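Chemist: Just so you know, the sequences run in chain order Y and B.
Numbering of the first sequence is given in my numbering, commencing with residue 1 and proceeding in unit increments.
Numbering of the second sequence is given in my numbering, commencing with residue 1 and proceeding in unit increments.
Incorrect hints may appear among the rest.
[As the list claims (entries may be wrong)] Listed next, the stretches of chain B that the computed footprint assigns to chain Y, with coverage defined by at least 3 CB atoms under 8 Å from CB atoms of chain Y:
(1) 219-233
(2) 301-313
[Stated by the list, open to error] Derived pair list, reagent style DMTMM-like, types lysine to aspartate or glutamate, alpha-carbon separation capped at 25 Å:
(3) B:478 x Y:591
(4) Y:417 x Y:339
(5) B:223 x Y:114
(6) B:478 x Y:610
(7) Y:478 x B:620
(8) B:644 x B:728
(9) B:606 x Y:114
(10) Y:417 x Y:56
(11) B:264 x B:147
(12) Y:535 x B:296
(13) Y:478 x B:166
What the hints contain is simulated information worked out from the structure, not anything from laboratory work.
Values in this document were obtained by computation on a predicted structure and should not be read as measured data.
For each residue, glycine too, the CB sits at the ideal point set by N, CA and C.
2 protein chains.
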Amino acid sequence: MLKSLGRVLSVLFICSTIFGQSTSPVMLGFSSDSTSAQTALEAKFDSSLNPNNLRDWMKRMSSRPHHIGSAYNKENADFIASQFRAWGYDTKLEEFQVLFPTPKTRLVEMTAPEKFKLELQETEMKEDATSGQLREQLPSYNAYSIDGDVTAPLVYVNYGVPSDYDELERRGVDVHGKIVISRYGGSWRGIKPKVAAEHGAVGCIIYSDPRNDGYYQGDVYPKGSWRSENGVQRGSVMDMPLYPGDPLTKGIGASKNAKRIEIKNAETLTKIPVLPISYADALPLLRNLDGAVVPESWRGALPITYHFGNKTPTVHLKLEFNWNTVSIYDVIAKMTGSERPDQWIIRGNHRDAWVNGADDPTSGQVAMMEEARAIAELAKSGWRPKRTIVFAAWDGEEEGLLGSTEWVEEHAEELSKKAAVYINTDSNGRGFLGIGGSHTLEKFMNEVAKSVPDPQTKISVWERARAEQAINGSPTAKREAMDRADLRISPLGSGSDFTPFLQHLGIASLNVGFGGEDGGGSYHSIYDSYDHYTKFGDPGFAYGIALSKVCGHTTLRLANADTLPFEFSNLAETLNGYATEVTKLTDTMRDDTRTLNQQISSGMLKAVQDPTETYVMPTEKSAVPFVNFAPLQNSIARLNDSVKNYQATAKVRKVSSAALDEALYKTERALTRSEGLPRRDWFRHAIYAPGFYTGYGVKTMPGIREAIEQRDWKEAGEQIRVVAEVIDALATEIDKAAELLVK
Amino acid sequence: MLKSLGRVLSVLFICSTIFGQSTSPVMLGFSSDSTSAQTALEAKFDSSLNPNNLRDWMKRMSSRPHHIGSAYNKENADFIASQFRAWGYDTKLEEFQVLFPTPKTRLVEMTAPEKFKLELQETEMKEDATSGQLREQLPSYNAYSIDGDVTAPLVYVNYGVPSDYDELERRGVDVHGKIVISRYGGSWRGIKPKVAAEHGAVGCIIYSDPRNDGYYQGDVYPKGSWRSENGVQRGSVMDMPLYPGDPLTKGIGASKNAKRIEIKNAETLTKIPVLPISYADALPLLRNLDGAVVPESWRGALPITYHFGNKTPTVHLKLEFNWNTVSIYDVIAKMTGSERPDQWIIRGNHRDAWVNGADDPTSGQVAMMEEARAIAELAKSGWRPKRTIVFAAWDGEEEGLLGSTEWVEEHAEELSKKAAVYINTDSNGRGFLGIGGSHTLEKFMNEVAKSVPDPQTKISVWERARAEQAINGSPTAKREAMDRADLRISPLGSGSDFTPFLQHLGIASLNVGFGGEDGGGSYHSIYDSYDHYTKFGDPGFAYGIALSKVCGHTTLRLANADTLPFEFSNLAETLNGYATEVTKLTDTMRDDTRTLNQQISSGMLKAVQDPTETYVMPTEKSAVPFVNFAPLQNSIARLNDSVKNYQATAKVRKVSSAALDEALYKTERALTRSEGLPRRDWFRHAIYAPGFYTGYGVKTMPGIREAIEQRDWKEAGEQIRVVAEVIDALATEIDKAAELLVK
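Here chain Y stands alone, though its shape is the one from the complex (with noise of 0.2 Å):
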């Protein structure tokens, strides 16, 4: 589901490049003697990876649509199932019962200034032997949209975010009773629906613009990668940012006897209608806007002048939807620890698709399932992981994590027991090493990233990575390209199935893929397909093999290692970051209301408008206060001491127990509250959420962060406080750590 990963960042000038070899002589978490043989391990691990595994899983999963409730998503859940079986591993189905709506109705049409009625149809291609499984094809739309039966005049909302609303009302366009078009980009697609009925819109399109998603971009396909004309994003557009999973279960797993809500009284399916469409069927009804001719930064790449609308066209929007409740999937399979069996490291990636999904899920699927062999190669020639390695090939993760989501929701004692790590992985193609993820374990995957050869440049991938951000980075991140010791790995918003783990559950965990030299076009489209990806997107598997590596060292080392590799500099550095951003968050604030505020009392703002067109003057604003952040100050000051000490102790007092690595791994526990973020309390962790206006796209610090942008500075002093209190809690968790480290 996930559209692109987070680039990683930067690094060490005194680099392996410049003086040898990149692994340290000892990995974090090993011993000398142990990271000999862990070097073994993986080397044996590498040399057994085939690509033509993951082609040939690929080209059997992806070769009919498998979305969720369909024939072939069953059969390649038991395909998936027994290849785990058939490798050893403890494997079993674990079933759920979930609401997914799908289409009965849908219907758009333009009814004036003329009558048009808009295709809704991706066609076949010769070119691509599975585009034309019409029958077993999920027709385009959003899942979890409501019914509705609208005709309205139509409105162009840009990205259809907050600030486009902001735009909309000093030109005097009301998007009361009309009906909106936002292109897809700029955010997360179900924030589109969601601020337009905020705004009182009474339905929603959403169409992929050749500039961000098509010609412009590239040669579309089968020439290039990019959406063709009648390509059509599909996606879900549930309120993920409320609770993910089934709309009817929040918080618990979505058995067959859970109790569940109404319908009617699910938070998370939409307000109004809203339905995806192509460009070819977007391009009659943009043409015919009225209005005022939109700014530079909303203009798209068809060949028309963009407007507003707001009488012209009027458009008419039916959708209806089957309510069915089916079954899902989630392949679970073990491999008991032999030593700390009760501490578990999990592996997953999702195995449903909205058509074929070649991209999107298979081609980390089938690394996936690659390392799982690999790892099974290695258990039958007498080796065992100290610590349970689950793999889970998740379900329904395109509708809204749901798969992922239940497991964790149903097993979320154990799990706050016993889960150590997550590593998710999903889409991947050719390019660039890109990782998200918990900050304590930041060092962990720079090595990691060290250890794995770049398929094209033969350089490591955490070199090439290096490279791309001194290169192609923003100026902080060049910089930090040439000074800073580790690459930095992105915080976690949502968009894949990490999200239970860490921000429900406090689990710590990662997010990994490849991509950048894959081009694009085929999200969510009859086009994701074994053709597509084999042309376009990692055309020998050699980055699903890179894949398999990076993220079998990182299942491997975790598994193996002495004690779990958590590492805290990182995060307090990153903390402290993340508290100065905030802080400069309301400094710059302060300065545009100040400045906003002269421009309107002084004349000059209204001076300069065009007298011809129209435009609502905005009010003063009242100014931005200057807000206490010491509270955020003195715990990040707290936790650097008790950082140091942790750090000094385990320098001189080399300890390996299960009680240091439960204490380690449940840091992460300790950034997370039971009362949740604010009006979101599924959303337990502090420091990482996806953000409520920004869909997959991360706030870090949530709870002030968008307090501040929402101008409650009540709220702002009270979330800086939690932050402050969840840091000292940490600082806590670290100091027992320590005092297990002495013992």
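Add chain B to chain Y, keeping to what the hints say.
Modeler: Just chain B, lined up with the frame of chain Y:
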């Protein structure tokens, strides 16, 4: 000819809107008494201005095509002259004979992958009354292209500026022997064939991309103002940065018997054939380009994926011209000064057009005529200017500033003595005041701008321009809008008739106009018509009248002032700013060179390239040395002393004398050198010049700046000394003026 005026910048926060009226109690160059008289005179002048005159004259003069050599061009000259005569001016036509090629053959065809012949024809529109005058219209072409007949593969070169060829080189695309296609924009058009020829191309096609000038910008004509699919931008491609004016009579007036060089020796003709086309004509060519996809900054708004090209398509370009000599006619009208008749205030606007030219140049021409009429009215009631006022309606500006350049060259000796200030206008439209010019007149023009109300907002045009900077300017402009006493006026490059005055003879010059709310898209096409202008340009001619006021007040104050209102502190500050810029330029280049060399030597630059795409690794550049800017800094320090001394003396000694006036206006002469700039001796001004590789775009301290840009450190050092000497000479002239104050 000039496409857009540089916008003025900003101003003191202690401004008129807050503390009361904006005009100083005493005007610069006037006493308290003479200020009162002048204020009354300007009020009388303003009250006699009549927008209906502008409308009537525009309707008449734009009713038929009137390019040089055409019957209607001569008719307009006679009409204008008859008006000036009727108003009482001493009026004559001055005739020159100039080289003027017109098309005999224009052929562009795609020869492979399929045969396709381009239309090369703008189409009649029923909404535009003059668009069907096919018989009298100049076909779309670029004047001073050489003849040529070439067939070759096509390569897309973006804007065709030097940095675009750097990109082509990195991507392994060689334009040697190819025809290039460039979009308009990014530079003056004449740069495109010049740089293409330098890189070995054999032909050049220039087209208007809808991104820059078409539906991406706004609705196309006739619904909106913007260029429709068949619109073509004509224009000169003469190498004006070498020298403007008749190509055969560099430096001398092109009188009938002037000594002429042979056409084949004319340096300012292009080296390769070049033709402009519409985006409808460009589309099939661009659609067929092969090769890699171009970078994002190269992409236009046509509904295609933009490629570099290399082998496909092949194009046949055939151009033949009639290399005729035609007569041009400047209308020169004088009102002799009562006290200082040998001090001339010259006010000019061209009158020739590419086709009907309602906007370019008639909108400025009619405003100037109305000024002349209103000044004549004042004279009828007994008033006479102290100094001589000269009005000039230039011919042949479009082809290369022919009329103004030949007149200036013909009368160079007299002008060097007598010309105090030249005030230029060109196209004008609804919007914001823009002023470019000599910085010795910056403070004066700020006063003038405060004396004219904006037609739409009723605040002064100065205040509206300031608001525009404060709201929409660059960060620097925004800051200065609040902090600096005066709005900055832009340094002058080229693109209109000020060039020979300022840059050849060192006559302090101004260029004034309104714009920014007048749309665009008719530039140099058959749609630059009365219908287009009165719908989009300045429907009620209110900004025509505003221009009459700004330029009328400017002319009247310069003509009447006790002492010419030159002021040197703003110039000194501006020169210091330029010195800082060129110093920083070397620092930036040094850092960039160091970074690039490091990226190459570390292998990082290579590591981030997609190995499936062509990328030619750049070679390391030699390090940028530290350059001795001390002579420049010392000269500016000395200048500051001279300016302070002059100001202190002027404060206590109020002297009015012809000798002082002459000393003041000849300070601009001190900024010129008879040797001219390196490799282009016609351009004699050491501070302002059009860029050798930008065309119209200004390069300040051009000798220094362009040497640095070309990495010629030896020449940079030499030019620093040259500019320092020029600034020293200026200081000496200011010292002399100060002496005249105490005599």
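Chemist: Hint by hint, note whether the structure agrees.
Modeler: Checked hints:
no. : hint          : result
1   : 219-233       : holds (count 4)
2   : 301-313       : holds (count 5)
3   : B:478 x Y:591 : holds (14 Å)
4   : Y:417 x Y:339 : holds (16 Å)
5   : B:223 x Y:114 : holds (19 Å)
6   : B:478 x Y:610 : holds (19 Å)
7   : Y:478 x B:620 : holds (20 Å)
8   : B:644 x B:728 : holds (15 Å)
9   : B:606 x Y:114 : violated (55 Å)
10  : Y:417 x Y:56  : violated (38 Å)
11  : B:264 x B:147 : holds (11 Å)
12  : Y:535 x B:296 : holds (23 Å)
13  : Y:478 x B:166 : holds (23 Å)
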